[in-house]
Amino acid sequence: MSRLDDALREALRREDPGPGFTREVLARAAAARPKQSWWRALASGFRPPLVRWATACVLACALLATGLEYRRERNLRAEGEAAKQQLVLALRIAGVKLHVAQEKVFERSE
Amino acid sequence: MRLATEMAEAAAVEVADFAAVVREHQAMVFSIAYHCLRDRALAEEVAQEVFLQLHQRLAGFESAAHLTFWLRRVTSHRSIDSARRRKLRPQVSLDDVPEPATMPAVGDPMLSRTLQRLVASLPEKPRMVVILRFQEDLDPGEIAEMLDMPVRTVKSHLQRSLALLREKLDRSVGEENL
Numbered sequence: 129m130s131r132l133d134d135a136l137r138e139a140l141r142r143e144d145p146g147p148g149f150t151r152e153v154l155a156r157a158a159a160a161r162p163k164q165s166w167w168r169a170l171a172s173g174f175r176p177p178l179v180r181w182a183t184a185c186v187l188a189c190a191l192l193a194t195g196l197e198y199r200r201e202r203n204l205r206a207e208g209e210a211a212k213q214q215l216v217l218a219l220r221i222a223g224v225k226l227h228v229a230q231e232k233v234f235e236r237s238e
Numbered sequence: 008m009r010l011a012t013e014m015a016e017a018a019a020v021e022v023a024d025f026a027a028v029v030r031e032h033q034a035m036v037f038s039i040a041y042h043c044l045r046d047r048a049l050a051e052e053v054a055q056e057v058f059l060q061l062h063q064r065l066a067g068f069e070s071a072a073h074l075t076f077w078l079r080r081v082t083s084h085r086s087i088d089s090a091r092r093r094k095l096r097p098q099v100s101l102d103d104v105p106e107p108a109t110m111p112a113v114g115d116p117m118l119s120r121t122l123q124r125l126v127a128s129l130p131e132k133p134r135m136v137v138i139l140r141f142q143e144d145l146d147p148g149e150i151a152e153m154l155d156m157p158v159r160t161v162k163s164h165l166q167r168s169l170a171l172l173r174e175k176l177d178r179s180v181g182e183e184n185l
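Each protein sequence line maps, in turn, to chains A and B. Okay, so the first sequence: first residue is 129 according to the working numbering, each after it adds one. Okay, so the second sequence: first residue is 8 according to the working numbering, each after it adds one.
Hints in this document: simulated from the structure, not taken from any laboratory. Treat the hints with caution; some may be incorrect.
[Stated by the list, open to error] The list that follows gives simulated cross-link-like pairs (lysine to any residue, SDA-like), each with its CA atoms no further than 20 Å apart:
hint, chain 1, residue 1, chain 2, residue 2
1, B, Lys132, A, Arg137
2, B, Lys175, A, Arg131
3, B, Lys162, A, Asp134
4, B, Lys175, B, Pro116
5, B, Lys162, B, Glu174
6, B, Lys175, A, Arg137
7, B, Lys132, A, Lys212
8, B, Lys132, B, Lys162
9, B, Lys162, A, Ser130
10, B, Lys175, B, Asp115
11, B, Lys175, A, Leu132
12, B, Lys132, B, Arg91
13, A, Lys212, A, Arg200
These numbers were taken from a predicted model, which means no experiment stands behind them.
Whole structure, please, built from the sequences with the hints as guidance.
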C-alpha cells in the first residue's frame, strides 16, 4: 500500500454534514408525505399487528356464527319435513281405517 | 379513538426509525456527494434528496447491508448526475490546481485539500470510483456492482486515476514514494 493510498484515505474520510441536517431531512419528509384520505387512513389503521389479528378473529367468529346458524336452520327444516311425512302417513292410515269402517256399516245396513 | 392513538403511535415509531437511519448514515451519504461535488450546499441537497427517496421505500429493505448498499448506489448515481448537470468539471481543471510547493506529510490538511481538489477534477465516473475505493473502502467488485460497470473498467479507472494523481503530485515532490 503506497503513501498515495494513505493520503487519499485521509483526504476522502467521511465528514458530517452541517448541524441540523437530520432535522431538515425529517421536516422535508413530513412535508412531502401526502395527505391521507379518510378511507386510506382507515385502511392504514389495520396495519399494526394487534389490529390485524383482532380483525382476523372477528372475521373468523362471524364466519363460524354464520355456519352454525345455517346448520341449525337446515336441521329445523329436516325435522319439519319428517313431521310432515309422519302426518301424511297418519292421515293415510286414518283414511284406510275410515274406509274399512264405512264398508262394514254399509254391509250391516244391507 | 383508540385506533387514532395506535395510528399516531405507529407514525411516531416510523419517524423515530427513519431519524435513526438518517443519523447513522448521513456522514457516508453526505461525504460521497461532497467529495464528488466539492460544494457543501449542493452535497447537502443531494444527501437530503437521497434520504427523502429512502423515506418513501423504507419498509422495502431486507437487511442493514441492503440498506447501506442502496444508499451508496443511489448517492453515487445522484452525485454523478448532479456533477454533470452543474458542469462542475470545467470549473476545476486538473491543470488549474496549484501544485504544492513542498511535500506535506500524510495527514497534513494541505495535502488533503490538494488531493480533494485533484479528485474533484477527475471525470465523473472515475471520480466516483476513487471515492468509493478510498472513502468507503470498497473493492473493485463491489464498486462495479454499485456503478453498473464491468470490474475491469473499475480497475482501469482506478489505475489511470491513481497514475494521474501521482503524476500531478510527483511534479512537485520529485521521486518521493507517493
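- prompt: Does the alpha-carbon distance linking Lys175 (chain B) and Asp115 (chain B) stay inside the 20 Å limit?
  reply: holds (17 Å)
- prompt: Between Lys132 (chain B) and Lys212 (chain A), does the CA-CA distance stay at or below 20 Å?
  reply: Between Lys132 (chain B) and Lys212 (chain A) the Cα gap is close to 91 Å, so the pair fails against 20 Å, i.e. violated.
Distance restraint between Lys132 (chain B) and Arg91 (chain B), which requires alpha-carbon spacing of 20 Å or less: Judged against 20 Å, a Cα distance of about 10 Å means the pair holds.
task: Mind checking the alpha carbons of Lys175 (chain B) and Arg137 (chain A) for me, to see if they're no more than 20 Å apart?
output: Holds, at about 17 Å.
query: For the pair supplied as a hint, Lys162 (chain B) and Asp134 (chain A), is the alpha-carbon distance within the 20 Å limit?
result: Since the Cα atoms of Lys162 (chain B) and Asp134 (chain A) sit roughly 18 Å apart, the hinted pair holds (cutoff 20 Å).
query: Between Lys175 (chain B) and Pro116 (chain B), does the CA-CA distance stay at or below 20 Å?
result: Distance ~17 Å between Lys175 (chain B) and Pro116 (chain B) Cα, so the pair holds.
message: Does Leu132 (chain A) sit within 20 Å of Lys175 (chain B), going by the straight-line distance between their CA atoms?
response: The given pair, whose Cα atoms are some 12 Å apart, holds under the 20 Å limit.
- request: For the pair supplied as a hint, Lys132 (chain B) and Lys162 (chain B), confirm whether the alpha-carbon distance does not exceed 20 Å.
  value: holds (12 Å)
task: Verify the proposed pairing of Lys212 (chain A) with Arg200 (chain A), using a straight-line Cα cut of 20 Å.
output: holds (18 Å)
query: Is the hinted pair Lys162 (chain B) and Ser130 (chain A) satisfied, with a Cα-Cα distance of at most 20 Å?
result: With a Cα-Cα distance of about 17 Å, the restraint between Lys162 (chain B) and Ser130 (chain A) holds, given a limit of 20 Å.
- request: Verify the proposed pairing of Lys132 (chain B) with Arg137 (chain A), using a straight-line Cα cut of 20 Å.
  value: holds (18 Å)
field: Restraint check for Lys175 (chain B) with Arg131 (chain A), where alpha carbons must lie at most 20 Å apart
entry: holds (14 Å)
When the structure is compared with the earlier hints, a violation turns up for hint 7 alone.
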